[in-house]
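Here are the chains, one letter per residue:
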Amino acid sequence: MKKIKHKIRYKAKPIENKKISPPSFYLGETDRITYVYEIDSSGNCTKVNNVSYEIKIEQKWYLVSRYDSIHGFLHCHMRTSTKDHAEILLDRSSVIKKGHPKDWLTWAIKDFRLNFFEYRKGFLKRSKIAELY
Amino acid sequence: MSKTKQLGKNVQLSGELAEYIVSNPSAIKKVPAGASFVIFSSKDEELNKLNHKLVASLKSEGKKVVKAVQKENKKQPWTFSLAV
Numbered sequence: 000m001k002k003i004k005h006k007i008r009y010k011a012k013p014i015e016n017k018k019i020s021p022p023s024f025y026l027g028e029t030d031r032i033t034y035v036y037e038i039d040s041s042g043n044c045t046k047v048n049n050v051s052y053e054i055k056i057e058q059k060w061y062l063v064s065r066y067d068s069i070h071g072f073l074h075c076h077m078r079t080s081t082k083d084h085a086e087i088l089l090d091r092s093s094v095i096k097k098g099h100p101k102d103w104l105t106w107a108i109k110d111f112r113l114n115f116f117e118y119r120k121g122f123l124k125r126s127k128i129a130e131l132y
Numbered sequence: 000m001s002k003t004k005q006l007g008k009n010v011q012l013s014g015e016l017a018e019y020i021v022s023n024p025s026a027i028k029k030v031p032a033g034a035s036f037v038i039f040s041s042k043d044e045e046l047n048k049l050n051h052k053l054v055a056s057l058k059s060e061g062k063k064v065v066k067a068v069q070k071e072n073k074k075q076p077w078t079f080s081l082a083v
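If you read the protein sequences in the order shown, they are chains A and B.
All residue numbers for the first sequence refer to numbering that gives the first Met the number 0, where the first residue is 0 and numbers rise by one.
All residue numbers for the second sequence refer to numbering that gives the first Met the number 0, where the first residue is 0 and numbers rise by one.
Hints are supplied without guarantee of correctness; some may be wrong.
To be verified - In silico DSS-like links for lysine-lysine, alpha-carbon gap of 30 Å or less:
#: 1; chain 1: B; residue 1: K66; chain 2: B; residue 2: K42
#: 2; chain 1: B; residue 1: K66; chain 2: A; residue 2: K55
#: 3; chain 1: A; residue 1: K18; chain 2: B; residue 2: K29
By construction, these hints were calculated from the structure, which means they are not laboratory data.
Let the sequences and hints guide you as you build the complete structure.
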């Protein structure tokens, strides 16, 4: 039997995170929330790609506010108004800093539950639009 | 029930569903890509009535809608079905 002289080395396949993009949650005909995040092979959240709240005004969808952790920490962007595409970056002092991406994702979900109407009111006010309902 | 109240109740339920999906990513394995969730409460029939109308409205726009129904079952607190 021939002896194997050289060890065959296999290059390990990099572990790719899986992007999870559940369907958008429709809160009403004009309001929806979307979650996009990544998980590792164990199912642990590794990144918050986008947790966003959008509102529909005159058949067009506008982003009101969104969270992401693309830069390694959770932060919140808010769109200025329907006419101004620029995003306001919220002060980080009010956003969770500790914990892991799963904690940040859970925090962002909870923040929308608690403050959803404030984000909505603020955006409509900056856009100089009276309440839709 | 006013539309504002519907929004408020749906945002609460969507938060609960989102947390469930984060903890159980395989729960939405069979949910088709590009679909939209409309949530149904296990207790609030008034909200569910409005959400049925929301489903009809989204379907009339050509959207694929998945009904996420809240259950009292701790092992399977949510079920999903495609709105026909």
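Structure-based check of all given hints:
1. Simply put, K66 (chain B) and K42 (chain B) have alpha-carbon atoms about 15 Å apart, close enough for the 30 Å limit, and the pair holds.
2. Pair hint K66 (chain B) plus K55 (chain A) holds up; C-alpha atoms about 21 Å apart against a cutoff of 30 Å.
3. The hinted pair formed by K18 (chain A) and K29 (chain B) meets the criterion: a straight-line CA distance of about 15 Å does not exceed 30 Å.
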